[in-house]
Each structure stands twice: as C-alpha cells, then as structure tokens.
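Participant: Could you use the hints to bring the two separately framed chains together as a complex?
First to last, the sequence lines map onto chains A and B. Per the numbering used here, the very first residue in the first sequence carries number 1; after that it's consecutive. Per the numbering used here, the very first residue in the second sequence carries number 1001; after that it's consecutive.
To be clear, the hints were calculated from the coordinates, so they are not data collected in a lab. You can trust all of the hints, since none of them are fake.
With a cut-off of at most 20 Å between alpha-carbon atoms, the simulated SDA-like pairs for lysine to any residue come out as follows: (1) B:Lys1077 with A:Leu177; (2) A:Lys133 with A:Arg115; (3) B:Lys1077 with A:Asn180; (4) B:Lys1077 with A:Asp181; (5) B:Lys1077 with A:Ser183; (6) B:Lys1077 with B:Gln1018; (7) B:Lys1077 with B:Gly1160.
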Amino acid sequence: MNLSYLFDPAHWGLTTPGGFPELLFSHLGYVALALLIGTAIALPVGLYIGHTGRGSFLAINAGNAGRSLPTLGLLMLMVTLLGLGLTPVLIALTVLVIPPILTSAYAGMRSLDQRVVNAARGMGMRPWQVLTKVELPMALPVLMSGFRSAALQVVATATVAAAVGLGGLGRLLIDGLAVNDYSRVLAGAIVVAVLAVVLDLVLALVQRWIVSPGLSGRAQARTRRATT
Amino acid sequence: MITYLSNNGDTILAALRQHIVLALLPVVIGFLVALPIGYLGVRFPWFYHPLVNICGVLYSIPSLALFVFLPVILGTKILSPLNIVVALTIYTVALLARTVADGLRSVDTLVTRSATAMGYRRLRRLTDVELPVALPVILAGLRVATVANISLVSVGALIGVGGLGQLFTRGFQLFYLEPILVGIILSVLLAAVADLTIVLVQRAITPWTRFEHSDRGAA
Chain A
1 MNLSYLFDPA
11 HWGLTTPGGF
21 PELLFSHLGY
31 VALALLIGTA
41 IALPVGLYIG
51 HTGRGSFLAI
61 NAGNAGRSLP
71 TLGLLMLMVT
81 LLGLGLTPVL
91 IALTVLVIPP
101 ILTSAYAGMR
111 SLDQRVVNAA
121 RGMGMRPWQV
131 LTKVELPMAL
141 PVLMSGFRSA
151 ALQVVATATV
161 AAAVGLGGLG
171 RLLIDGLAVN
181 DYSRVLAGAI
191 VVAVLAVVLD
201 LVLALVQRWI
211 VSPGLSGRAQ
221 ARTRRATT
Chain B
1001 MITYLSNNGD
1011 TILAALRQHI
1021 VLALLPVVIG
1031 FLVALPIGYL
1041 GVRFPWFYHP
1051 LVNICGVLYS
1061 IPSLALFVFL
1071 PVILGTKILS
1081 PLNIVVALTI
1091 YTVALLARTV
1101 ADGLRSVDTL
1111 VTRSATAMGY
1121 RRLRRLTDVE
1131 LPVALPVILA
1141 GLRVATVANI
1151 SLVSVGALIG
1161 VGGLGQLFTR
1171 GFQLFYLEPI
1181 LVGIILSVLL
1191 AAVADLTIVL
1201 VQRAITPWTR
1211 FEHSDRGAA
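Pulled out of the complex, with its shape left as it was, chain B reads as follows (with noise of 0.2 Å):
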C-alpha cells in the first residue's frame, strides 16, 4: 500500500482533485437552483405534490444511464466532465428542491405571521426571517446531496471521467487491490470531511438551534 501510494502520488493526487471539483461544484449550482424552485413549491401550494414526484422520477434515473446519455441531448463529447457535473446537478436539484420546499414549510406560521405584523414584505421577510428558520433542515439536505455526489462521482469512471472512480477501474483491470482500497478510503474520507465541514458551517450560521439543544439538556 505505501509503495503504491509513493509510485503513484501525482495520479493519485490528480484523481483526487478532479473528485472534489465533479463533486462540490454540482452541489453548488444545484442549491443554487434549488432554492428558487423550492420557494416556488411553497408559494404555490398547488405545485408543492408535482414538485415532489418530478424529484423523485428524476432522482430514480440510473446515474450510469446519466451520465452516458447527457452527451446525446447536450450535444457534448462523451468524456467531457460537463456531463458528470450536469447530470449530478439534476440529482443535487432533485433532493434540494424538496428539502427547500419541506424546510420552509417547517416554519411556524406565528413566526411569519409576526413577521408580517413587524413591516416585513414578502421578499425581506423570505430572506430575513423564514429562509434562516429554514436552514438546519436545508443544510441537512444538503449534507445528504454532497455526500452522495461524492460516491456517485465514481461511477462517471465507466465513461472515463471519474475522479477516484479511475482508481476503481485501473485496479480491476489490473487485478490489483491497491488502487481500488486507496480510491475507497480516499472518497469516504472527502465524504466525512465535507460533512463535517457542513456540520460546523451550520453551527456557525445557526447558533439559535445549538441553544435549544442545551436547554432541552438541562430541563
């Protein structure tokens, strides 16, 4: 394992590099996107059902039939990474979108009403008041759509783009066990680290919910 890990530290590091960028930057775009689309099922509540069974067909598409049949309806060559990011970006937005929509529907309407009452129009009163009573279970959606991403990346290793998923393929065609447990290990961990990245990101921008916990402990 070491001298595989010595021989083999610019490719494993390359792999490495190109996992994190085909994983973290689908999860931004499709937050990003998701947002919108989730305040719209809140919104209007007649799009709220729609909304959530769209996200679940999507989210039910294979990610290997995806990733090999965004190249005919994009119109991009079949090894280009814009086909794992975009593919992963509908996975991202199908969870998101859903999460969004449930989070702001979670907030207790005394709250928004209060909101309301206090002068705040619809837009500042979104983005004021209900999208940050929102966040814990937004943020805990969104830890469920990076650590997906991360283990899906590999699977774009099949059509030849794959971050630590080459790592997968070079191993099994080689017959060769390192490279495939240094490929697991290495993806698990990013999964962890960027989990707890969220994690901590979470209890920075949400104090209010980390002192609801020490009050429960103490009554």
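The shape of chain A in the complex, shown without the other chains (with noise of 0.2 Å):
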C-alpha cells in the first residue's frame, strides 16, 4: 500500500491540471449532470405510470434492461458515432442514471395507501394538488432511495469516462496504469470510494431533511418520548 501519490500536496492544488481538485470537480459534473438530466426524464415518466397505471410493464422492466447495458460500450458507441467531448458521456451516463430512478418512482406511487389518496381526493384537492401534495411526499422515501444508488453507481461509473480520453477521477486509474504507477492508482480508487460514500451520505441527509417527520417515524418517536 503506497499513498504517497494520495498525499503529495503538489497534486492537490487548486489550479493544478490533473490535480485532485480539478479531477474531483470535472468528476462531479459529469455526476450532477447526469444526476439532473436522468431524473428530468424518468421521474416524470414514473411518477405518470405510478400514477396512472398505465404503462407499469415499461416501468417494471426498464430497471433490468437498463443494468444489463454495458456502460463501456455504448460510452465507446457515443465517442465513435459522435467524436470526443461531454454529449456522449452525458449520453452513457443518463442511461445509466434513468433505469433506477424510474423504477424508484414507480414503485414509490404504487407503494401509496390508495385510501391516504382517496381522502386527499375526497378533502376537494384538484388531481395536481394530490399528486404534489400528497403523493409526491409519500413517495419520497422510495424515491429517495432509488435516486441515491442512481448516484452511487454514476459516481462510480463515471470513471470509465477517462478511458476514451476525457477527464474526471477515472484519469488516475487509466494513466497509472499506462505508466505502471499503483500509488497513483489507489490514490485514484480511494478517492472514488470515500466521494461515493460523503455523497451518499449528503444524500441521506437530504432525504431527512425533505421527507415528512410523518412518514419517517421521527415524529411518532417524538410524540412517544413526549407522552412518556
């Protein structure tokens, strides 16, 4: 175990090319790019199939469909049919990205008590009042997890990027390999692993924060510790 790469400050200034910094950043907005566009198309397709039910076979499916992608290989398709740049990891990424969130979302609205929706319903709420609120926040739990392993494996993924020649954490793994340089390698891989494991952890936060005490069990807990 060599962490001397890891740790040579000559790699993590903030302006250096091909420092931590740099990687870390261009790795991110891959992430949160990705993250964006995936979830701007499939949460609104699952949230109308959870909805509406119609379509569910599409939503069930597009979960295994999705994993079963190689993402190196339609990354590789994408940089051939379309040249080097950011549309086509964008492209790879985001098909990585829908598949969970999709599914999440639908299973969410499906795992709904259709009675909480029918008294929204019957309390005079308009079809777009139930749907964000009622919904919508009754279905974040499962929504919420979903987007989260969406996010650890484009975390992850993103790396594969640096094998056609673009940037992010995944230049250390190709470019210490080509050199034969393991310390830069592990610094590489650790990296990746402690970014997916604080962004998890962001995300879990997140989910606290934007989930109803309701739904969580945070508020019974409270309501408990109160009365006894």
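Facilitator: Structure below.
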C-alpha cells in the first residue's frame, strides 16, 4: 500500500492541471449533469406511470434492461458516432441513471395507501394538488432510495470516461495503469470510493430534511417520548 | 454487420465464451459465500447494520479501480482473468449477503415458530423452512447480481481481459462501429437469457408463489 501519491501536496493544488481538485470537479460535473438530466426524464415518466398505472410493464422492466447495457460499450459507441466531447459521456451516464429513478418513482407511487389518495380527493384536492401535496411527499422515501443508488452507480461508473480520453477521477486509474504507477491508481480508487460514501451521506441528510417527519417515523418517536 | 460477423466469428465466439465464464463463475462463488454471511446477519441482529454498511461501501468501489488494484493485493499478473473473477465475486457477495439477510428476515415468525413446534432444530429449520420461504427475495437479488456482472465484465477490457468488452476497445481503437454494436447486443442478449433462466428456475422450485399469484388474480 503506497499512499505517497494521495498525500503528495503537489497533487492537491487548486489549479494544478491533473490535480485532485480539478479531476474531482470534472468528475462531479459529469455526475451532477447525468443525475439532473436523468431525473428530468425519469421522474415525470415514473410518476405518470405510477399515478395512472398505465405502462407498468415498462417501469418494472426498465430496471433490468438498463442494468444489462454495458456502459463502456455505450460510451465507446457514442464517442465513435459523435466524436469526443461531453455529450457522449452524458448520454452513456444518463442511460445508466434513468432506470433506477424510473423504477423507484413508479414503486414509490404504487406503495401509497390508496385510501390516503382517496381521502385527499374527498377533501376537494385537484389532481395536481393530490400529486404534489400527497402522492409525491409520500413516495419520497422510496424515490430517494432509487436516486441514491443511481448516484452511487454513476459516481463509480463516471471513471470510465477516462478510458475514451476524457477527464474525471478515472484519469488517475487509466494514467496510473498506463505508466505502472500503482500509487496513483490506489489514490484514484480511494478518492472515488470516499466520494461515493460522502455523496451517499449527503443524500441521506437531504432525505431526512425533505421527507416529512410524519412519514419517517421521527414524529411518532418524538410524541412517544413526550407522552412517556 | 453480416460481413463483420462472418469474418470474425471465431473471435466473437471466444470473447462470448470468456464473457460467460468471467460473469457467471463469480455469481456461483459469490452466492455460496453470501449465504452464510447473510445468515450471520440474521442470527446475530447486531451484525445486520454493519453488514449493510460494509456491503454498501464495497459496492461503491469503482469496478475499474478494483480490476487494476487487485493484482497488487493478490500478487496476480495484471492480465490474469483471476482479477476479474475475484472483483466480481466481491460485488456479488456485497449485493447478495444483504439480500440473503433481508430474505431470511422477511420470513414470518409464525412460520419459524410453527417449524420449531413441529420439532425442527435450528439447522434443519433453516434449510427446510426458512431458506425456501426466503427464496423469492434471494433469487430476485441473484437476478440483479447476474445482470450487473454481465455488464461489468466488459470494463475488464480496459486492462486486457474483458470478454465482449474487447470488441468495444477494438472497435473504439479502429473507429469501427460493428464490433461495438455486436458486443453490446450480445452482452444484452446474454443478460436477458441469464435473467430469464433464473426466472424459470424460480418458477420451478417455488411453485407456491405462482399459486399465490393466481389466487390474487381470482379474487
């Protein structure tokens, strides 16, 4: 275990070309853009299918079909077709992100107690209000777990971008391997794994913050403590 | 596409064969390793949360990083297929140990208590009652692990051993679409066939789940 590359201050300069901050920044850029585009596509579709029950077959099978697409192949196909650039990477990573979000949005909507939805309707809520004020908040825990697993996958897979000559933390792996510098490879592996764990923690906090306390069981715990 | 297929049949078949071995061997080994580990997560409740967390961290290690790093730890050659097999086995265990624990935990306590009352000892109860009842959950995890492995093997091509992934790198280097397309199609087909096989096996060995479904349909 040679950690010299990881702890060499020369690789931590904010503006150093090929330094950790630069690679981390481009890596997070791929991840954020892929998650953003993927969510913008998958969330409405998943909610629509869950809300109406139409097209359930698509939502259930999207998960497995998406997992079986080899991202490396897709990326190389896109680069061969479109040339080197951000677009092919984003297409390949977005395809990876869509299935878990789509499936979990659908599963979240299906897991709702139909009586609650009917009660909301009975109180005079419009369909849009039912969706945004009742169904979506209640589907959030399931939805967030899908989003978190999508984020984990895309953080790990974005390293593949380096294989076609693009940036991101994968550069450390590919370049380190090319020059037999295992200290650099190890540094890349550690930084990516730590990034994945930190990102998951941040998303767990976000989930705590946006999921209503009435759903996560925290409100009940509080009242139970108050009464005893 | 047709001329590419006919001219390179042998290469493609060899890549496909390597792909199958590299993807499925880890599934088998990983499954056998995950069973006892998952059981420990149920037998000792304090072990469940650490187990889930460790599995999560293991699964977040990028495959490329694991592929290039294992030779350093194992002392294997960088081109040895063993690296891929060990790496994918780690992912399979990370995925399945949790599923096995979740599956066993989902068994109704009424069922386990009835089995105990009928005189089943712990081990017999596990193999004859709890495992069969947990099978649908465990096999669902096995499907995910199998499909994920089949698509992950191709990343190995970046270090020279990657089954169908070698078609990707070759096509990419030559700026030639056909090998990449053939690789993707075969990889997806292989995943679909493997997935379908597990579904059929599941239907055959857990006939009672089919019964429940038809019950619900009639009601």
